[in-house]
Amino acid sequence: MERVIEKWQDSISELTLGAAKESGGTRANTVKIGGETGIYFLKGEDACPNPPVIAMEVWDMEPENWTDALKSNFGSALKDPAEWARMCVEKFKADLICLRLASVHPDTKDSSAEEAGKTLEKVLKAVSVPLIIVGSGSHEKDNDVVVRCGEVARGENCLFGIAARENYKTLTAACLSGGHSIISEAPIDINIAKQLNILICDMQFPPEKIVIHHATGALGYGLEYTYSIMERTRLAGLSGDRMLSMPMINFVGQEVWKTKEAKAGDEVASDWGPTRDRGALLETATACSYLNAGADILVMNHPKAVEKTKEIIKDLCNVKN
Amino acid sequence: MNEFTITFLPEKKTISVDKGTDLLTAAIKSGIHIYNSCGGEGVCGRCKVIVKKGEYITERSGRIPEKERKKGYVMACRTTPESDMTVLVPEESRLGDIEVLTEEAKARRLAGLYTPAERIEEERTELKEKIFRHGPLSTKLFLRLPGPSSDDNCGDAERLFREIRKNRDIPVMQMGLANIKKLPRLLRESGWEVTVTLGNRNGTAEVVLIEPGDRSEKNFGVALDIGTTTIVAYLVDLKSQKVLGAKASYNPQVDFGEDVISRIIYAQEQGGLEKLHHAVIDTINVFIYSLTKEQGLTLDDIIAVMCAGNTTMTHLLLKIDPSHIRKDPYVPAANFLPVVRAAEAGIKINPRGLLACLPSVGSYVGGDITAGILSSGMDDMDELSLFIDLGTNGEVAIGNKEYFMACSTSAGPCFEGGGLKSGIRAMKGAIQSVSVKNGKLSYKTIGKERPRGICGSGIIDALSAFLKHRIIDRSGKIKENDICGTRDAGGVKEIVLVAKKDSAIGMDITIDENDIKNLIHSKGAIYTGIDVLLKESGYKKEHLKNVFIAGGLGTALDIRSAINIGLLPDLPEDRFKFMGNTSITGAKLCLLSQEAMEKASLIANKTTYLDLSVNPSFMNNYSAALFLPHTDIELFPSVKKIL
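Protein sequence lines correspond, in order, to chains A and B. Quick note, the first sequence lines up with residues 1 to 321 if you use our numbering. Quick note, the second sequence lines up with residues 1 to 643 if you use our numbering.
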């Protein structure tokens, strides 16, 4: 019987993150994502030109709510973002670093844009991989900080986040002026995702520099909603919808490590398996689901989960037709 | 002391109320009509009044800015007296005059809202010509009966029937006991010359009335459109088929809530149904009284009333409990209502006169829509047509002579000026069109009066102009621009359309981002309703050969603007046809012709009602439509060119 292989009329835009010396940056490694011409890992449909990549999360302050199962992997590096980033790249083989500027939030340290810029500078010096930079979640403060950080990282072609419908203008302008890419986020609504991309592009932002985030749900915490929206987005993108044919990102670690399954200690959940492994397994399982949904960048936390997911990506991409 | 006197300024109307009665209720009782979109729930903030004297208890609300609070502004619905009070009802809180309008005033005030009677007469020819056989709800027949003799000794009633059958082919006829009792004396005293009034009652003919002599010239009826917002009445000569006069005013039920749902809720309160019923009946009776007076007629000359209204309005007219309309699975008491004596419903015409209502399709698609389809003539057409009622309920129907499908989109009161900061209904002084001229905003008001606010067509025009000139972005957010100033009003950006000094209400007329959001939701609902109907019936918008638009905005709606904002599908403009108030037109047609009434029943019967709340694709399509003109710009190629 002859296998029918779907031919798509369009492809997902290809985006390079990070800039080497000749393109005005200082990165030794750049990362290419997107460029899909079909559904990934579907035998015969797509050759995986750019396999999905993994970014590891680095905070500009020691995360208070992280469990020991997570913290213990990084030790004292948690106190020094540059050291932490270096560890992620050298020891745990992260493709990118996702710097979370948690300390600028008024509810945490309320640190200034100036301080955030300095941290960014240090991290840029410490590692040679491309950077993802996300704010603290406080719109007002993030807008302040992003302008400074966009300036500090000028020419480095970072991926900045997170633009939402209520707050995208400052970020878009900062990315435009600093030559960066942008994460646009809509809460599990394909229409709003598209509307936001239109609004961003209306500011003369190039669509091929947008990465979509549909909000991430951990396994057992609404993952299926995100999954189906991501699928629809990818199919629409491959069918020629220019405002949806963009790479996608998922913040897997951040969501998984909020769940009680990842956090509960051995004493409360003795029959769930040891805490030491549980969270990493859940993170890996969640990450794999998103790989199948079409994710191009996974932002993750636990080194074991990163390692395992990298193997899985390799296996999936090596499936011969 | 548990009773206080409230004095309302500037009328100086006073009323005594119990402690605990809110000022809104007090105002309504004293006949002062104050805006309240939410029905006195403390939500809309439209019922602002200024306390001049007296003690009171009020609920603090974010709806009243600090500045106004200091001046004594309170929300009438949230304020109860603690002593005698004097309260000023400011211009902007007033609903406008509720009294019967003169023909001229009505024409001016409602220009753009409802087409005057004569215009409808003329405009009918624009539509597909459709003439129904003349056969009114009630007909009068002058009869000369041969007197009885030993050769011809049948009873008086049979004699009357026999004579009627000589003129009319009516196999089944009936007559009530009251008429039979009167008959022997009346026939003999009138010298066997009488005029009988035959009423079409539910498939049979009834001798409704017997009068001495020839009164066949005096045969009049009233056509009624009972809208959620407006009530319109036509006095019709049933013989010559001419409209002799028209009246229109607000539906005073708005005092109890602006949309049908809040009124159904109110109807469930103690005495609520009674109050709603009386509010509408009183208005109708005033209309009929003044219409007959103007024409030198008496109430006895009116023998038929035909009413078109949405399902809830029809229920309230007949004092039928509407509560199940808003409860799952949303069924009305009746879609097809029998012809009853008008007196039973409290309508004051000839005591034996009849009242008929146009049949409804379902709980949220009522007789007004049946009337609309009927008067558009789309039920006779081979090609596909669309009918849109741009009112609060936003009903949409699609079909041709084979079938109809209809839904209600709950568009909200935007198109009638509701839910907008400076919104008013299409009345004198309402801004009805907005454009950008020489790099500046310019506007036109109804009746060229000083502006009082913005009506539906004005806000649609404004939005289109804003979008075209990049004053707002495609999500409706106001941008910095060279054409008009923007300012921050309590965290919400707004555009000043008319400065205080130029307005008739002593304050700026503005459009803010919330207004724009409301309008986007309304237009999105209508567009999605159209989209779902097309998809469900397997057609594309290009298949629509005619789009009939009725209701709230009528003649003043700019089609181009409506397409630009994504309210109407992107089709050539010549496919759109305005019909003004099709509800009253349909009621008039049915009053004058039983054939039309039968057609209306047929339409109601063959229309499939689509409940959007259970339609899986509705929500997805709806959120795609909450953008200007739409998330998928390819659906609006003509708008793409100008953006």
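Hints should not be assumed to be uniformly reliable.
[As the list claims (entries may be wrong)] Here are the simulated lysine-lysine pairs, DSS-like style, with alpha carbons at most 25 angstroms apart:
1) Lys71(B) / Lys169(A)
2) Lys477(B) / Lys169(A)
3) Lys640(B) / Lys169(A)
4) Lys258(A) / Lys308(A)
5) Lys169(A) / Lys479(B)
6) Lys19(B) / Lys52(B)
7) Lys71(B) / Lys53(B)
8) Lys52(B) / Lys169(A)
9) Lys517(B) / Lys421(B)
None of these hints come from the bench; they were simulated from the model.
The hints, checked one at a time:
1. Lys71(B) / Lys169(A): Between lysine 71(B) and lysine 169(A) the Cα gap is close to 38 angstroms, so the pair fails against 25 angstroms, i.e. violated.
2. Lys477(B) / Lys169(A): Distance of about 11 angstroms is within 25 angstroms: holds.
3. Lys640(B) / Lys169(A): holds (22 angstroms)
4. Lys258(A) / Lys308(A): The hint holds at about 20 angstroms.
5. Lys169(A) / Lys479(B): holds (11 angstroms)
6. Lys19(B) / Lys52(B): holds (18 angstroms)
7. Lys71(B) / Lys53(B): holds (12 angstroms)
8. Lys52(B) / Lys169(A): This hinted pair is violated, its Cα atoms lying about 47 angstroms apart.
9. Lys517(B) / Lys421(B): Answer holds: lysine 517(B) to lysine 421(B) is near 12 angstroms, not above 25 angstroms.
Of the hints listed earlier, those the structure fails to meet are numbers 1 and 8, in rising order.
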